[in-house]
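Visitor: Got chain A sorted already, so can you dock chains B and C onto it with the hints?
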Amino acid sequence: MEVLKAITISKNFGGVSAVDQFAMVQEENQITGIIGPNGAGKTTVFNLITGVYPVDTGEIWFCGKNITGLSSHRITDLGITRTFQNIRLFRNLNVLDNLRVAYGIKTHYTVWEEMVRWSRVKREERETEELARSYLAYFGLDKYVDTFPYNLPYGLQRRLELARALMAGPKLLLLDEPAAGLNPKEIHQLIQTLLKIKEEKNLSIIIVEHHMELVMNICKILHVLNFGKKIAEGEPKDIQRNKAVLQAYLGDEG
Amino acid sequence: MEFYVKVLEITCLHTILVLGAYLMTGLTGLFSLGQGGFVSIGAYTAAIAFIHFNAPFPIAILMAVCMGSVVGFLIGIPTLRLHRDYFLLVTFGFGEMVRAALLHLAQLTGGALGIAGIPKLVGLPMILVSILFITFLISNLKRSRFGRNCIAIRDDELAASLMGINVYSHKMKVFILSSAITSYGGALYAFLIMFIEPNLFNWLESAKLIIITFVGGVNSIIGAIIASVVYYSFGEFFRFVDVWRDVLLALAVLFVTIFRPGGIFGSWDFSLKNLLRWRAKKI
Amino acid sequence: MEYHILLQQILNGISLGGVYALEAVGFGIIFNILKFSNFSHSGVVAITAYLGFFISKYVYTNFLVTLILTTLAGGFIGVMIEKLIFRPIRLKGAPLTLFLVNSITAAMLVQQFFAATLGDDYYPYPVFMKQTSINLGTLTISKTYTLMLIISGLILLLLTLVLKRTKIGIALRAASTDVRTPSLMGVNIDFVISVAFFIAGVLGGITGYLLGMTYSVDPFIGSMILKGIIAAIIGGMGSLGGGVAAGLLLGGAESLLVAEIGSSLTQIAIYSGIFVLLLIRPEGIGGKRYIIKA
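Protein chains in written order, with the working numbering: chain A, 1 to 254; chain B, 1 to 283; chain C, 1 to 294.
The shape of chain A in the complex, shown without the other chains:
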């Protein structure tokens, strides 16, 4: 089943074409990668999919539903979550609360009930807390419950961001440079974790990444962007030998 379909989406910023006629299809339970030199427009694609910027042209479909032009919070509610290139954890919420925030859309109590702490509130709060704690345990963060995110070591911050993206039970997970700043051991762990959660939670994952080992190892398909345009698409082993791709990364050798 098609989870995501981007139909020739484009985004222009003041005359500069950040994304130019990009198209892709993402299947269920699949990991794909978007790669390309810096400034190629990869994060912009994520921003378009998640509704941070409106597309100039084109459409985006998610699980058979047209999500073009929807606001970010609606898109998250429908089942797409993401992590960020520069970690964006909530600095004034502790680790547990950072996770709890992400589950808010799944709770049903109203503001009125909240104000008087009605029983439904207590029940759903407990539910939220249990789920959050289970994720903390899963990612090995349980002893950091009361810590504030920016006091954590970098590798753990990345894990926390990933946990946060999973809280609401998404169908599609967008990871923006998840390996940035990680050491080889942590990257290896990340690879294992991603493969595991894909199976366990039947997720579809799109990764924007520079780290070739990660990408080559776990992505089934790669899309290569350069100057906003897609220049290649295919399996990792083919992409590795693709002339246009090599040229984009290494420049003209003549």
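Some hints could be false.
To be verified - What the simulated footprint calls covered on chain A by chain B, stretch by stretch (three residues with Cβ under 8 angstroms from a Cβ of chain B suffice, anywhere in the stretch; the number is not a length):
1) 5-14
2) 70-84
3) 114-121
Keep in mind that the hints were calculated from the coordinates and are not lab data. We put the CB at the ideal spot given by N, CA and C, even for glycine.
Guide: Showing chains B and C alone in chain A's frame:
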């Protein structure tokens, strides 16, 4: 003795206003210089309803809260999407507009002369109960989804929206609730000090509410309450150096922001659970 | 309204607008570089207004000399404010909200300080000229207003030259795009910021002097600059030219309206107008839409 009661009344009433500002500015990061506008709306609505329309006291108060909430909603529509600094200044503009409107509608409001002869129907018990109740409400909100969303929005609006939070809608709820609380405080104020006029609560007083919140620590309700109690009671006790207390307040705030940016109380908030846990540890 | 009264009002309005424009620019320079609303500007205006009074009354009663002294004092005060109130928290990487809080606090500090010390007295500036207005046909051109307009215009012209032609001006403009850029070019960012506050302070000094001269000094004179800040918003915070245009517009509109419908209705009208404008165009006249980087 009566003097102390009076001091407590004024102090606690202002604390209600600080709580309104805490919800808006401390918790959610919406800097509004227009809280004074809601104080006036609350005060005048209640006074006019009581005096001109002979509404019973509870109805007058209720009308004040409703009026405040409705106006909050109307003002929120154009302003909540604005950049933070723009929001600050248009809310200032709102406060000025209210003042100008009160001056202009002299038939109803008495213009520059204000409304005098409001009976003293509000005393310390009512104010204290109000504070407890409002603190109860805000505290419950703070520790559940609502509060977490506020802080998330304050920290990073973009990330918040990508966590599924409808930022605009949430800000509107905060704005309306805060306006309701502030108008309620204004209504009580009218029946406490018995005389109201358009300059009742200007932008500087609104700014003070924000500043007090920061001194107490934006992540602590108790901090805001304590800072408020200290500031306003100090002002009442030292009436003769009234204007100097603002200078001292300003210096205190600068000291706190430079040396202890989390506010004096940081993120510490009183909770029965923590108290019991602490006591258990001691044993 | 009769033609000549209309013209008169427009003239008054433009002069007032000139002062608003000065305030808007003084405010806008800091906003451009440090990205926060600098309410302490009203403190500079108030201090220089009082200073101008004392200098002209007790030290030297010459218009130009006192103006220059006050203006320089303003610049100096601006730099001091930056050093004492903003630099400590900037060096600690404080969030923008804290800058805002500090600037409002500084404004309050100044206003209440004057209210506490010099509050109850009335401080009119000495009269500098024998004749306060010139008659041109049916129009009465107030000398003070004209001076305000001329001085505002000259200063803004001078500022534009500095920003476009001098090295420090270019550094300032670079800093408004990204506060780290000048340091990459080998320019000391602390120096650039101090210069920005100096310039803002100079503008504040002139504003304080002109306002004091026109309206006489009281502790709340600083609050008058809030109108200028409003001009800065409608002009679009990022655009100094927009701020100038908006200031002139605001001054003109205010003068005309006050003559027609009275002071309180004018306030309501102006603020309603601003609400509507920001509803339609949230970035103001000259501002740019914010693009958030994710």
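Visitor: The structure should be examined with respect to each hint, and the outcome stated for every one.
Guide: So, going through the hints one by one against the coordinates:
no.: 1; hint: 5-14; in the structure: violated (count 0)
no.: 2; hint: 70-84; in the structure: holds (count 8)
no.: 3; hint: 114-121; in the structure: holds (count 5)
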